[in-house]
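K.L.:
Chains as they are written, first to last, in our numbering: chain Z, 1 to 405; chain L, 406 to 836.
None of these hints come from the bench; they were simulated from the model.
Being a predicted model, the structure only gives us computed values, none of them experimental.
A hint or two may mislead.
[To be verified] Pairs of lysine-lysine, DSBU-like flavour, derived with a Cα cap of 30 Å:
#, chain 1, residue 1, chain 2, residue 2
1, L, K836, L, K719
2, L, K711, L, K836
3, L, K431, Z, K185
4, L, K752, L, K836
5, L, K719, L, K696
6, L, K615, L, K504
7, L, K504, Z, K185
8, L, K835, L, K615
9, L, K696, L, K711
10, Z, K315, L, K752
11, L, K696, L, K835
12, Z, K289, L, K431
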Amino acid sequence: MSATTEAAAPQKPQTPSRAQQVLREILESSTLVVIMAIVASMLIGAILIAFADEEVRAASAYFFSRPGDTLSAIWEAVSGAYTAMFQGAIYNSNVDSFAGQIKPFTQTLTQATPLIFAGLGLGIGFRAGMFNIGAQGQIIIGATLGGWVGFAWHLPVGLHLLVAIIGCALGGAIWGFIPGILKAKTGAHEVIVTIMLNYVALNLLSYLLSLEAFQREGQDNPISPTVDTNAQYPLLLGDQFPLHWGFVLALACAGGVWWLMERSTLGFEFRAVGANPRAARTAGMNVAKGTVLVMVVAGALAGLAGSAQVLGTEKNLTLDVAGSIGFDAITVALLGRSRPLGTVMAAILFGGLKASGPTLQVQAGLPVDIVFVIQATIVLFIAAPPLVRSIFRLPAPAHEKEVAA
Amino acid sequence: MTTTTVTPGAPSDALPEEVLRTKSWKGPIGLAVVAVISLLVFGIGTPSGTQTTFSVATSSDFVHLPTATVPSKLAAILLSVVALALAGYAAYLANRYRKPGIWLPIVYGMAVMGALLTWAGAGRDSTNIQITGLLTSALFLAVPLIFGALAGTLCERSGIINIAIEGQLLAGAFFAALVASMVGNAYVGLIAAPLAGALVGAILAIFATKYWVNQIVVGVVLNMLVVGLTSFFFSTVMSDNPELNQSLGLEALPIPVLSTIPVIGPVLFDQNLLVYTMYVVVIVFQIMLFKSRWGLRVRAVGEHPKAADTVGIKVNRTRVRNTILGGAIAGLGGAFFTVASGLAFGKEMTAGKGYIALAAMILGRWSPRGALAAALLFGFADALRVQLGIIGSDIPSQFLAMFPYLATIFAVAGLVGHSRPPAAEGTPYKK
Chain Z
1 MSATTEAAAP QKPQTPSRAQ QVLREILESS TLVVIMAIVA SMLIGAILIA
51 FADEEVRAAS AYFFSRPGDT LSAIWEAVSG AYTAMFQGAI YNSNVDSFAG
101 QIKPFTQTLT QATPLIFAGL GLGIGFRAGM FNIGAQGQII IGATLGGWVG
151 FAWHLPVGLH LLVAIIGCAL GGAIWGFIPG ILKAKTGAHE VIVTIMLNYV
201 ALNLLSYLLS LEAFQREGQD NPISPTVDTN AQYPLLLGDQ FPLHWGFVLA
251 LACAGGVWWL MERSTLGFEF RAVGANPRAA RTAGMNVAKG TVLVMVVAGA
301 LAGLAGSAQV LGTEKNLTLD VAGSIGFDAI TVALLGRSRP LGTVMAAILF
351 GGLKASGPTL QVQAGLPVDI VFVIQATIVL FIAAPPLVRS IFRLPAPAHE
401 KEVAA
Chain L
406 MTTTTVTPGA PSDALPEEVL RTKSWKGPIG LAVVAVISLL VFGIGTPSGT
456 QTTFSVATSS DFVHLPTATV PSKLAAILLS VVALALAGYA AYLANRYRKP
506 GIWLPIVYGM AVMGALLTWA GAGRDSTNIQ ITGLLTSALF LAVPLIFGAL
556 AGTLCERSGI INIAIEGQLL AGAFFAALVA SMVGNAYVGL IAAPLAGALV
606 GAILAIFATK YWVNQIVVGV VLNMLVVGLT SFFFSTVMSD NPELNQSLGL
656 EALPIPVLST IPVIGPVLFD QNLLVYTMYV VVIVFQIMLF KSRWGLRVRA
706 VGEHPKAADT VGIKVNRTRV RNTILGGAIA GLGGAFFTVA SGLAFGKEMT
756 AGKGYIALAA MILGRWSPRG ALAAALLFGF ADALRVQLGI IGSDIPSQFL
806 AMFPYLATIF AVAGLVGHSR PPAAEGTPYK K
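Turn these sequences into a full structure, and let the hints steer you where they fit.
P.N.:
Take a look at the structure:
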């Protein structure tokens, strides 16, 4: 085949061979950009790791007399760090039992659970043209309400968990409703309102935790009682793994969101409102209603992320219950291109980065913060495909003229 | 730039203003509601027969003012009534299609705050309300917010949304501490901080103008990146070498004569170099942005980039320059956290101040003067939280901490005045 194309090439350069076409499609695909963005971020992470390593710094003092020392020190530092990350997030070969070997991966999935929920919610918002930065606040309020149901009420098995989960979703939905209704009625920009509501939520939780009703007995720290066993997500794979049924619920929600956005009338309205509000209005859609509903659904999903924390992993309310999930979820949704499947994959990737934190700290002696850097640079690179293409000298696709966020 | 172009795409809302005059009642109603709450809670709610003592004197005053003791209930009621009267005046103006001057909200705010302080200090014979101390710490706590809000204003006036103020503050704080510790002189930190902020601003500018990435996305991600980077270097390089992160402080430089005026002196003229720089920066940019050719161009780029481009203004170049300049100013504000406060760098030490600065920018309606006023208000709320904590007030500190955020939500929802961002904000300019 190559012989014929080589012969034909000089006459007809505009019709490339099948192999070239496939190669070109691969090089132009956005999947490759995603992979390359991750590679580039890992490289930046490697530079930082090398820079922070004491032995590298010691060896670089005499770099020009013995450059090999520096290079091997860099190699040891970087490979040590990434091995630790792999062992902390996916597969630990240092342990004999099979359970111990795959435990890191179940931890990754556990960490990914709240990210899936919140990322799905944010993704719906992004596709509907709403830039919701407020997942953090929605998680906090959701976790507060659901957690309170979990430890203050005492209901039978099954029912209690159900009510507590609904409580979480409701809390998040309420916190999502506020920016939605303000945007619909007054035009208040949702970015500003949601950022502000994040801090209001945190202060509200801080106030509530100072009340007797939320205070654990015999504790001065702001920490709530543990939620009832009835209200906790059951463990999915038995006692030796932290993974709970919240993960399954998250996957179910991903399926539900896919159906909502791709197959239902409501989802079509959401997308229409996001793509062109004026056209949507002309077509007879109620844009204000759509705006509010998007935020309510997004808030409810973020609230469920709170449930994964308060009913699953943490089992009690503290000021740190939401961690940085709300902000991580923004990057998850962006990385997943706001699609359910992409969000799940991105959440597992970032869940893995998060789960590798403790191992990184213990085994490689590196602070967890390197994970934030890698996460942030991945998103920056993915947001700007031309940048990644120019770094790796990839050809730009002919059709892709505009850069999406 | 002031020509009124009526495009076919913008129909009815381009009518002349005389036709569409509406009476705006939201402001007066908001003021009245707060005044009534103040009257009920602080006025009626104060136990009768108690007294509140205000002290204003500091040791360095030229003239010593005596402490003032007032009957709590009467004073709180009077102040609330003044606030209510001002709300009534605002309503009267609104009925005649007019807007009150800047003095009205200021006097109103002082009246309500006075009522609050009187109520909080009622019957606490052992402690005085330290007015001077309260105002001094209010100004000091407002410094990073002012720089941050000013940075936001500069960027957004040129059409770039700067959510990365938080990251710029943090980068400024980090580099101020690092470079000052390396050199051993706190003042060098004031040079390093704006460079760090400018770098963050430059990344934002490149992604926004060259790659057309959503500016909010870049801002949020940059904040995350700076938190990650500074925390990483803090826990590795800085903790391995403590001499790279010392607590160096800028000393206060009292201005002769002016600093001995009671109340005003110690509050305004007994501060460190960063605070004096802040005065200059605010005044310079207020004038530059609204009175100079440069300012007119910047605002044109932010409002109608196509028109600006047509008359030969380089839109993207203006935006990049402004974003870098804004980043530098926010970075300078970041120096507040380390060298200006005499502290070493700490992990995530800006603690969301960048977002409050963003709020101050919106509340200040995208002008340096307004940003100053809003940031001072937020600084005051913060200082009040500290002061009330000291005298042991009944108000939970969390609610005072919420105040800036709630005020901003009310502002963007149009309940307190109308906030309108620059028209072309957030949209990349593509030729």
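K.L.:
Does the structure keep K315/Z and K752/L at a Cα separation of 30 Å or less?
P.N.:
Within the cut-off at roughly 27 Å; holds.
K.L.:
Does K431/L sit within 30 Å of K289/Z, going by the straight-line distance between their CA atoms?
P.N.:
Answer holds: K289/Z to K431/L is near 24 Å, not above 30 Å.
K.L.:
Are the Cα atoms of K836/L and K719/L separated by 30 Å or less?
P.N.:
11 Å, holds
K.L.:
Hint check: K504/L vs K185/Z, CA-CA at most 30 Å. Holds or violated?
P.N.:
23 Å, holds
K.L.:
Quickly compare the C-alpha distance for K711/L and K836/L to 30 Å and report which way the hint goes.
P.N.:
8 Å, holds
K.L.:
Hint check: K752/L vs K836/L, CA-CA at most 30 Å. Holds or violated?
P.N.:
42 Å, violated
K.L.:
With the threshold set at 30 Å, check whether the alpha-carbon distance from K431/L to K185/Z stays at or below it.
P.N.:
14 Å, holds
K.L.:
Check whether the Cα positions of K835/L and K615/L lie no farther apart than 30 Å.
P.N.:
10 Å, holds
K.L.:
Given the proposed pairing of K615/L with K504/L, does the C-alpha separation stay at or below 30 Å?
P.N.:
Violated, at about 42 Å.
K.L.:
Hey, K719/L versus K696/L, does the alpha-carbon distance stay inside 30 Å?
P.N.:
The hint holds at about 20 Å.
K.L.:
Between the alpha carbons of K696/L and K711/L, is the straight-line distance 30 Å or under?
P.N.:
With a Cα-Cα distance of about 22 Å, the restraint between K696/L and K711/L holds, given a limit of 30 Å.
K.L.:
Given the hint that K696/L pairs with K835/L, does the C-alpha gap stay at or below 30 Å?
P.N.:
Since the Cα atoms of K696/L and K835/L sit roughly 28 Å apart, the hinted pair holds (cutoff 30 Å).
Hint check: violations occur at hints 4 and 6; the rest are consistent with the structure.
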